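Could you build all of it, start to finish, from the sequences and the hints given here?
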Amino acid sequence: MPSLDDLRKRITSVKSTQKITKAMKMVAAAKLRKAQENAEKGRPYSEKMNNIILNLSAGVSDPQSAPKLLVGSGKENVHLCVVLTSDRGLCGGFNSNIIKKAKNYFEKIQKEGKSLKIITVGSKGYDQLKRQYGNSIIENISFKESKNINYFDAAKVGNLIIEKFQNEEFDFCTIFFNKFKNVISQIPQAQQIIPLENENKDKDEKLESSYEFEPDEDEILSNLLPKNISTQIFKAMLENSASEQGSRMTAMDNATRNAGDLVDKLTIQYNRSRQAAITKELIEIISGAESL
Amino acid sequence: MDQFNLEIISPEKSFLTKSDTEEVVIPAVEGYMGILKDHIPLISFLKPGIIDVRSKNETLNYYVDDGIVEFKDNTLSILTSNIFDLKEMDKNKVDKIVKDAEEGLKKENIKDHERYILDQKIEVLNSIKSN
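Heads up: the protein sequence lines correspond to chains A and B, in order.
With numbering that gives the first Met the number 0, letter number 141 in the first sequence gets 140, and the count goes up by one each step, no holes.
With numbering that gives the first Met the number 0, letter number 108 in the second sequence gets 107, and the count goes up by one each step, no holes.
Each hint should be verified, as a subset may be incorrect.
DSSO-like, lysine-lysine: derived pairs with alpha carbons at most 30 angstroms apart [claimed, not checked]: (1) B:K90 to A:K146; (2) B:K110 to A:K40; (3) A:K33 to B:K110; (4) A:K226 to B:K55; (5) A:K24 to B:K17; (6) A:K146 to B:K110; (7) A:K47 to B:K55; (8) B:K95 to A:K40; (9) A:K40 to B:K55; (10) B:K36 to A:K40; (11) B:K12 to A:K40; (12) A:K143 to B:K92; (13) A:K33 to B:K92; (14) A:K226 to B:K98; (15) A:K226 to B:K110; (16) A:K18 to A:K146; (17) B:K106 to A:K155; (18) A:K143 to A:K102; (19) A:K163 to B:K90; (20) A:K226 to B:K71; (21) B:K55 to A:K155; (22) B:K106 to A:K40; (23) A:K30 to B:K12; (24) B:K105 to A:K226; (25) B:K105 to A:K40; (26) A:K178 to B:K12; (27) B:K128 to A:K47; (28) B:K71 to A:K67; (29) B:K86 to A:K33; (30) B:K12 to A:K180; (31) B:K86 to A:K143; (32) A:K67 to B:K95; (33) A:K155 to B:K105; (34) B:K86 to A:K40.
These are computed hints drawn from the structure, not numbers from a lab.
Quick caveat: nothing in here was measured; it's all calculated off a predicted structure.
Structural data, given as structure tokens:
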């Protein structure tokens with residue numbers, strides 16, 4: 000049985016923790032709105048880019064001459080995985096969900112006997128992966144310094160990937176991130192960016208390919224594809240940041256509520272033991288008086 | 000004059016949307032290109048230059064570094080990561096970009112294509128300054 004003093008101390012400490020989690024929730028909520036706005040604003044660009052590439056690739060007749068970024072290098076030996084996580088913790092299952100998804104994929108690849116290379120973006124992902132997959136991690140990038148997500152950071156990652164592809168260091172590239180669905184649910188995603196996967200393949204839409212190209216198609220494609228990679232990464236980063244704030248908000252909301260429950264429970268326990276002490280004293284006085 | 004839609008989109012946001020555009024002149028890789036309503040579907044690239052947007056009441060000018068242009072169904076979409084309103088470009092800003100470009104030119108292993116783009120950039124920016 001803890002003493003009254005201990006209980007009082009415990010209650011104060013839980014209360015101050017609650018204050019912190021509450022503040023973090025508020026901050027996350029404010030940041031979430033901005034991040035969500037950014038993610039929504041960024042969508043038209045990547046959608047448009049995707050559309051143009053689809054229109055273009057529909058016109059490519061000969062896969063032999065098509066750029067390798069579109070059709071792949073023809074081999075399937077080395078897989079590069081880019082795992083995008085946050086730089087900060089205390090955001091619920093946000094990072095773990097991405098890592099879980101990525102680890103499943105890693106295992107599958109290793110079972111198939113293919114080699115694996117990993118680039119981590121964000122320090123949390125690196126921390127969680129370095130023990131098990133430390134040898135496979137070839138690069139660890141973190142944008143702790145940049146306050147907002149900007150396109151140049153994404154382009155840095157994109158250029159790194161393209162450079163490695165051109166040096167034939169890998170054949171497949173997949174990015175892992177959390178897609179922002181709403182505040183409560185974020186869905187970990189694996190998206191293959193090299194070779195480019197056609198998401199609307201099953202739709203079987205007849206695309207108009209009566210475009211005028213200037214310069215010719217091949218040149219446009221080989222110019223556009225590297226940009227598309229950066230754009231996809233940028234999109235992933237935007238989705239990720241909205242998801243991170245949403246996830247943190249929910250986590251901190253839960254923590255605040257749990258702290259409240261704990262304070263209630265402790266207060267009852269405190270009051271009970273205080274009452275018990277008083278009753279005990281009274282009994283002592285009464286029985287002392289009776290014995291006289 | 001007949002009007003068509005214009006959207007300029009940057010990765011961060013939708014930069015400009017207009018539905019009363021009459022003519023747009025874009026700096027395509029193979030030369031400046033004027034676009035009017037009912038142009039045939041087109042995909043092209045931009046080189047550093049000035050985008051000139053003309054509508055009935057106003058004329059807007061933007062400087063772009065690069066970008067992709069698509070024209071389809073009377074909608075002109077310009078995707079670009081670097082775009083500035085000419086009115087907001089002061090001398091310092093222009094000087095800074097020119098300086099960066101000149102630094103780039105000094106590198107030894109520069110490709111012909113890059114050199115061409117950078118030359119273009121400097122030329123366009125200098126013409127902005129002199130105006």
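Hint by hint, here is what the structure shows:
| no. | hint | verdict |
| --- | --- | --- |
| 1 | B:K90 to A:K146 | 27 angstroms, holds |
| 2 | B:K110 to A:K40 | 35 angstroms, violated |
| 3 | A:K33 to B:K110 | 40 angstroms, violated |
| 4 | A:K226 to B:K55 | 34 angstroms, violated |
| 5 | A:K24 to B:K17 | 39 angstroms, violated |
| 6 | A:K146 to B:K110 | 34 angstroms, violated |
| 7 | A:K47 to B:K55 | 27 angstroms, holds |
| 8 | B:K95 to A:K40 | 28 angstroms, holds |
| 9 | A:K40 to B:K55 | 28 angstroms, holds |
| 10 | B:K36 to A:K40 | 27 angstroms, holds |
| 11 | B:K12 to A:K40 | 5 angstroms, holds |
| 12 | A:K143 to B:K92 | 27 angstroms, holds |
| 13 | A:K33 to B:K92 | 28 angstroms, holds |
| 14 | A:K226 to B:K98 | 25 angstroms, holds |
| 15 | A:K226 to B:K110 | 19 angstroms, holds |
| 16 | A:K18 to A:K146 | 25 angstroms, holds |
| 17 | B:K106 to A:K155 | 19 angstroms, holds |
| 18 | A:K143 to A:K102 | 24 angstroms, holds |
| 19 | A:K163 to B:K90 | 39 angstroms, violated |
| 20 | A:K226 to B:K71 | 21 angstroms, holds |
| 21 | B:K55 to A:K155 | 41 angstroms, violated |
| 22 | B:K106 to A:K40 | 36 angstroms, violated |
| 23 | A:K30 to B:K12 | 17 angstroms, holds |
| 24 | B:K105 to A:K226 | 25 angstroms, holds |
| 25 | B:K105 to A:K40 | 37 angstroms, violated |
| 26 | A:K178 to B:K12 | 19 angstroms, holds |
| 27 | B:K128 to A:K47 | 33 angstroms, violated |
| 28 | B:K71 to A:K67 | 27 angstroms, holds |
| 29 | B:K86 to A:K33 | 28 angstroms, holds |
| 30 | B:K12 to A:K180 | 20 angstroms, holds |
| 31 | B:K86 to A:K143 | 34 angstroms, violated |
| 32 | A:K67 to B:K95 | 36 angstroms, violated |
| 33 | A:K155 to B:K105 | 22 angstroms, holds |
| 34 | B:K86 to A:K40 | 24 angstroms, holds |
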